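**Q** The chain contents come next:
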Amino acid sequence: MEEMPVVDVQWVSKSFGAVQAVKDVTFSLGPGEIFGLLGPNGAGKTTIIRLVLDIFKPDKGKISVLGGQMDESKLALIGYMPEERGLYQDVGLEKCLVYLAVLKGLPKSEARGRVLDFLERFDLYDYREKQVKQLSKGMQQKAQIIATLVHEPQLVIVDEPFSGLDPVNTKMVKDILRDLRDQGVAIIMSTHQMHQVEELCDRIMLIDEGQTLLYGEINAIRSQYAGNAILVGTPGSLPVLDGIVTVDKHNSAYRLLLTKDTSPKVVLHKLVAENVAVERFEIAVPTLDEIFIQVVQEPEGS
Amino acid sequence: MKNTWLVLRQEVINTITRRSFLLTAFGIPLISITIFGAAALFNRPDPSPIPGFGDPGITETGLAEGYVDQSGLIETIPENISAGTLFAYQDEDAAKNAVHSGEISGYYLIPEDYLARGQLVYVSSDFNPMNVFDRGSVIDQVLRINLLDGDDSLAALVNSPFALQVMVLNPSTSLNQDSPLSFFLPYGVMLLYYMLILMSAGFLVSSLNKERESRVLEIMLVTVTPKELLAGKFIALGLMGLLVNILWVGSAYGLMVLGGTTIRLPEEFQLAPYVLVWGGVFFILGYAVYASLLGAVGAMLPNLRETSQATLVVIMPMIIPLMFITVMIAQPNGILAIVLSLFPLTSPVTMMLRLTVTLVPIWQLLLSVIFLILAAFIILRGVASLFRAQTMLTGQPLSLRNIYRLILGRV
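These protein sequence lines are chains U and Y, in that order. Residue numbering for the first sequence follows my numbering, starting at 1 and increasing by one per position. Residue numbering for the second sequence follows my numbering, starting at 1001 and increasing by one per position.
Next comes chain U alone, as it looks inside the complex (with noise of 0.2 Å):
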């Protein structure tokens, strides 16, 4: 039987006056799984999380969330990091962080024990005392993720999670997402860092001007987009070839963009009758960078 999805976002449009802000927007989410949510500033990727959220109400479409309509007794079930981070600047971090995960339904004794684990975790434990607008961006960023995720759960919306973060702690927040992941809970993660993405999601969506460009598993897109481009391997230069793009010096080798028409079979002929020396001849998967930055740029209806 197949699995509930945690989120369940069909057919979803929103404007605001005379700007639509999101298109007829469908995806969906189950346990266990990391989705990765992408698309250039003004995409319209915050305000599908705040419909999810029910911050918004769609003006069509429907939007499922843990099993149901989002209601005040799923709140406490939602762990949500928005781009623009907001603590309670003149209290002190661990009164700060204990209030909110009271909120969020934990006994004050618990919600003090758990708070204190992640200031541990998180190198906080020695300015606990101080008032959060004294802390460092970094520090403050990483009193966020533990607002986000203190009170355990099951559906996890963090926006830019790394921004802000050194690399030590960016490899820390990744291993806390992936141990979330592992347990069953369901993470949207928006972010400009394809790298992260790749790293972490299963599945991504990409959306421009509030409408899905792209979505489905990363894989499946990449292997989608690749064939546009091979890696050569060579000792000497490469001659001027037809059906090229660009080249680009790929690590030891040339990385060839052929135009859409362009096999790489015809490439490899050419090169052979050129009599170059192929050592290397291989199809380039498009990383998701250059997938995003194409299918941004691409003009609409090619």
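Heads up, a few of these hints could be off.
As the list claims (entries may be wrong) - In the PhoX-like style, the derived pairs of lysine-lysine whose C-alpha atoms are separated by at most 20 Å in a straight line are:
no.: 1; chain 1: U; residue 1: Lys95; chain 2: Y; residue 2: Lys1096
no.: 2; chain 1: U; residue 1: Lys171; chain 2: U; residue 2: Lys137
no.: 3; chain 1: Y; residue 1: Lys1210; chain 2: U; residue 2: Lys74
Unchecked claim - Derived CB-CB ranges, DEER-like:
no.: 4; chain 1: U; residue 1: Val295; chain 2: Y; residue 2: Arg1381; range: 43 to 49 Å
no.: 5; chain 1: Y; residue 1: Ile1028; chain 2: U; residue 2: Gln134; range: 24 to 30 Å
no.: 6; chain 1: Y; residue 1: Gly1280; chain 2: U; residue 2: Leu77; range: 53 to 59 Å
no.: 7; chain 1: U; residue 1: Lys130; chain 2: Y; residue 2: Tyr1274; range: 47 to 53 Å
Derived by calculation from the structure, the hints in this document are not laboratory data. Keep in mind that this is a model prediction, so the values were computed, not measured. Beta carbons: idealized from backbone N, C-alpha and C, even for Gly.
Guided by the hints, dock chain Y onto chain U, whose structure is given.
**A** Frame of chain U; chain Y shown alone:
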């Protein structure tokens, strides 16, 4: 309910530990007590009563004076004028010598034609602007008594022809009718209600704006419901406004006691217990109406600057009773006072004003409360639509169109 309580508690803790709140609540009374206390100490009145006509006795003021009577009018010096206060001189030369030697600070020359022209001349060694208003009280009494052939009791009556005692057939208030302080009490109560309602509502608006500007609001809106958040804030900040006002009134009372050698506050400022009970009712309902309206402004507008501008528009109805306060004190049961004490946006302060000066018929009190409850219900219901996450997060610019939509509850 649990979350409302948690928000309430946190809001109280956040507020009372904020430096600006502590300065407002405790700093202002402390500074006032220090300034007025110091002033009271420096300006402590002379233990001897100020000389005045009809006083049981006149003692020296510390500034001995003289007179030269060329008219021959002065035959009697009242017994209550202390020795060493007023000296008689035969001629101006003798008086001038006394001034030069420092024996007296100055002298009055009563010319021959005094009875025809009523003019005196005062001669002093130098000009002291502070003495201008005090001068003449002793010679005034001396002249009056001598004009009345030395009849003390007649002179007292001329000075103060009657002592009015007001008898009210239907006592309408427990205020001491004879006390001049009774006149100031309505002003004080009205001012207190302005402060009480506006300060509490102001705390709420500021808290909502601060939460939005510090971006905690989005976190809170996926943690508690908007109504839980606002209910917690609503109650907590109402209590905080009440606390500040209690502290201020308490310190004002302390100030009165500190400098109050002549003011016996408790006796004359006693309000009947029923006034205090109605005061509580009108505070709660007035706060409900104005906090809802200002809360709507705080929820709708994007920043504190625009909120402050809109706040002025919203509190405008509360200014109306202040404009007519003199008329309403003079005619507390007049049409204007009755209308303003029934209209929900003006009734909280107007009714308190009336309660301090007159006996308000019970039907008017009940009608006013019913109107206020109805208004609070309608406004709260309209404003509740604003307390949605989307409005609170996105904010709406201040424009005539939005004010119109706010009034209609269509934002």
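**Q** Please go over all the hints and tell whether each is borne out by the structure.
**A** Results of checking the hints against the structure:
Distance restraint check for Lys95 (chain U) and Lys1096 (chain Y): the Cα-Cα separation of roughly 81 Å exceeds the 20 Å cut-off, and the hinted pair is therefore not satisfied. At roughly 18 Å between alpha-carbon atoms, Lys171 (chain U) and Lys137 (chain U) fall within 20 Å of each other, so this suggested pair holds. For the suggested pair Lys1210 (chain Y) and Lys74 (chain U), the alpha carbons sit about 27 Å apart, so the restraint of at most 20 Å is broken. About 48 Å separates the C-beta atoms of Val295 (chain U) and Arg1381 (chain Y), a value consistent with the hinted range of 43 to 49 Å.
Distance hint check: the CB atoms of Ile1028 (chain Y) and Gln134 (chain U) are about 28 Å apart, consistent with the given range 24 to 30 Å. For Gly1280 (chain Y) paired with Leu77 (chain U), a C-beta distance near 42 Å fails the hint of 53 to 59 Å. Taken as a hint, the range 47 to 53 Å holds for the pair Lys130 (chain U) and Tyr1274 (chain Y), whose Cβ atoms sit roughly 52 Å apart.
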